[in-house]
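A.B. asks: Protein sequences, first through last, are from chains E and R.
Once you know that position 182 of the first sequence is 182 in this note's numbering, the rest is easy, because the numbers rise by one and skip nothing.
Once you know that position 228 of the second sequence is 228 in this note's numbering, the rest is easy, because the numbers rise by one and skip nothing.
Worth flagging that the hints you see were computed from the coordinates, not collected in a lab.
Treat the hints with care, as some may be off.
[To be verified] Label pairs and their in silico Cβ distance ranges:
(1) L319(R) / Q35(E): 35 to 43 Å
(2) L179(R) / S75(E): 53 to 61 Å
(3) A137(R) / S128(E): 52 to 60 Å
(4) S57(E) / R148(R): 42 to 50 Å
(5) T223(R) / L36(E): 22 to 30 Å
(6) T223(R) / S75(E): 20 to 28 Å
(7) L36(E) / R148(R): 26 to 34 Å
(8) A241(E) / D207(R): 48 to 56 Å
(9) G224(R) / H23(E): 51 to 59 Å
(10) S27(E) / A137(R): 41 to 49 Å
(11) L319(R) / S128(E): 26 to 34 Å
(12) G134(E) / Q68(R): 28 to 36 Å
(13) L319(R) / A241(E): 56 to 64 Å
(14) S75(E) / P167(R): 38 to 46 Å
By construction, the Cβ of each residue, glycine as well, lies at the ideal position given by its N, Cα and C atoms.
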Amino acid sequence: MATALAKAADSTPAVDHAARIAHVSKSFVTPAGQQLVLDDITLDVAPGEFVTLLGASGCGKSTLLNLVAGLDAPSAGSIETPGGRPALMFQEHALFPWLTAGKNIELALRLRGVAKQERRGEAERLLSLVRLDGSYGKRVHELSGGMRQRVALARALAQDSQLLLMDEPFAALDAITRDVLHDELTRIWRETDLSVLFVTHNVREAVRLAERVVLLSSRPGRVAHEWRVDIPQPRRIEDPAVAELSVEITEELRGEIRRHGQH
Amino acid sequence: MGSTDTTAPKDTAPRDPAAGDAASRSRTAAGSPADPGLQHDLAGLEAGLDALDTVQTGRTPLRRTLVQKVLPPVIAVALVLVVWQILVWAKITDDYKLPSPTAVWDEVADAWAQGTLLGYIWTSVSRGLLGFLLALAIGTPLGLLVARVRFVRAAIGPILSGLQSLPSVAWVPPAVIWLGLNDSMMYAVILLGAVPSIANGLVSGVDQVPPLFLRAGRTLGATGLRGTWHIVMPAALPGYLAGLKQGWAFSWRSLMAAEIIASSPDLGVGLGQLLENGRTVGSMPMVFLAIFLILIVGIAIDLLIFSPLERRVLRGRGLLVKS
């Protein structure tokens with residue numbers, strides 16, 4: 001595997017990146033032949049940074065996230081995540097229905113090697129972090145969509161990884177719940193030393209959350225443009241500054257999409 | 001606005017990249033005490049959303065369970081008894097071919113009075129359950145191997161599902177020849193009947209595990225055996241339980257076939273022998289008694305063990321639809 005998953009020991013000096021994606025390409029074999037999905041992507045996520053990856057469908061943003069998560073290997077290039085195996089959140093909550101909310105989190109702790117007697121307390125702490133105190137014994141089907149994603153977030157945090165990968169985690173939620181979860185995610189990101197790489201096709205969401213927005217072009221995915229978002233947090237999705245930057249980014253995104261219709 | 005600088009300030013406070021981890025850890029304390037008013041708002045909003053969206057589930061009250069679940073089968077059984085008695089009164093056939101319900105009941109009372117009734121049942125049930133447990137111990141790892149190892153699946157998967165359609169009574173003659181007329185021959189027949197269905201149930205359970213669970217498990221570090229134990233097995237449990245249920249039915253059927261065909265004084269009298277004895281002595285009430293007991297034991301084991309287990313698993317996962 002070309003990916004170097006260098007585990008950072010506690011004693012090593014702090015690294016200057018939470019993820020380093022260097023010249024990564026990925027192609028799949030399809031009936032139509034080799035298809036290049038990602039082309040020479042180079043992208044760093046700094047420790048504690050919040051980056052959103054934005055792109056139309058077919059830009060390979062989920063593929064890139066899978067590569068960073070180590071679920072798949074790049075065809076070329078290298079990916080380093082010095083903080084260990086990154087945590088990953090999906091669009092679907094992916095909670096295990098045979099376990100309660102609390103036990104889902106405890107499974108992540110157990111697989112990380114946390115001692116048995118510490119797991120319960122740590123799970124309660126994480127539930128409290130996502131404001132679900134008292135939901136320890138709840139079954140997954142007893143929770144609302146928003147609550148499930150918060151438990152999923154708590155479970156991802158239980159991995160104690162420095163890097164959290166999020167694959168359109170709020171896309172299936174209603175607008176009000178999504179808005180609340182944006183606030184929650186921002187709060188938790190600021191309270192922890194987490195770096196986040198967040199994939200979305202929603203421009204406003206990208207601007208609402210990120211310190212840096214990276215636009216990928218489609219087929220193959222390339223880094224097309226980057227914006228630094230200097231609007232102070234906590235932001236609101238309806239802030240004029242958010243809207244203004246969103247308009248600019250949307251124009252760029254539309255331009256990228258238009259290019260595909262021209263031939 | 002375009003910038004490719006990766007060491008950015010979180011919030012508005014500039015962050016020194018050289019200070020790295022320590023600086024970012026202290027972010028909350030120093031950086032942004034995030035206005036408490038807004039945080040309070042958010043907590044309240046969230047609590048409201050949670051309350052609005054939460055699904056309320058409760059158990060059905062006992063009275064409704066009785067009316068909806070217990071009453072219909074009781075009525076059905078009563079109806080069968082009534083029709084049966086009418087047929088006897090109408091003398092549609094000879095007495096020795098169709099005994100009256102009371103004659104069968106007398107047979108039950110006799111066997112009970114002699115203290116042999118429970119003996120018949122226990123002989124067969126203990127054999128059946130022990131055989132089933134053996135089948136479980138063999139079928140589970142076998143199913144897991146077929147489900148997870150591609151070569152094994154290609155090699156024996158089709159044979160395993162083919163074996164399910166082979167009536168296990170076909171195994172009785174060879175089992176008698178190989179093992180003789182003893183308990184091990186009974187167990188061999190049970191195993192050959194039940195192992196394929198238990199293994200197949202597990203295979204289909206594993207095949208139906210949503211790939212998302214496997215991916216989620218892998219990101220949490222559940223790979224290899226840990227993945228099998230923590231993710232694949234529990235996720236496959238509903239299909240596995242269905243296989244166990246069917247496995248029990250096959251165990252019981254195979255055992256009855258074996259007991260009817262192979263009788264020997266050494267084997268003791270189980271329900272299958274009881275049925276065969278009834279035929280030999282020409283006692284239709286005894287034959288009916290044996291058939292009823294075979295049926296009732298099969299149903300009882302299912303109702304007492306497998307159905308509650310299955311309901312519990314499905315209810316825990318929110319898969320039990322209330323009508």
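A.B. asks: Next, verify each hint and record whether it holds.
C.D. replies: Hints and how they fare:
Remark: the range hint 35 to 43 Å for L319(R) to Q35(E) is upheld by a beta-carbon distance near 38 Å. For the pair L179(R) and S75(E), the supplied restraint of 53 to 61 Å holds, since their beta-carbon distance comes to about 58 Å. Between A137(R) and S128(E), the C-beta spacing of about 43 Å breaks the proposed range 52 to 60 Å. For S57(E) and R148(R), the Cβ-Cβ distance of about 34 Å falls outside the hinted range of 42 to 50 Å, so the restraint is violated.
Range check, T223(R) to L36(E): about 29 Å between beta-carbon atoms, so the 22 to 30 Å window is met. Distance hint check: the CB atoms of T223(R) and S75(E) are about 22 Å apart, consistent with the given range 20 to 28 Å. Taken as a hint, the range 26 to 34 Å holds for the pair L36(E) and R148(R), whose Cβ atoms sit roughly 33 Å apart. The beta-carbon spacing between A241(E) and D207(R), approximately 51 Å, falls within the hinted interval of 48 to 56 Å.
Distance hint for G224(R) and H23(E): a CB-CB separation of about 31 Å, inconsistent with the stated range 51 to 59 Å. Separation of S27(E) from A137(R) is about 47 Å and conforms to the stated range, judged on CB atoms against 41 to 49 Å. As the Cβ distance of L319(R) to S128(E) is approximately 29 Å, the hint placing it in 26 to 34 Å holds. Range check, G134(E) to Q68(R): Cβ separation about 33 Å, and the 28 to 36 Å hint holds.
A C-beta distance of roughly 47 Å is found between L319(R) and A241(E), which places it outside the suggested range of 56 to 64 Å. Between S75(E) and P167(R) the Cβ separation comes to about 53 Å, which falls outside the hinted range of 38 to 46 Å.
When held up to the earlier numbered hints, the structure conflicts with 3, 4, 9, 13, 14 and fits the remainder.
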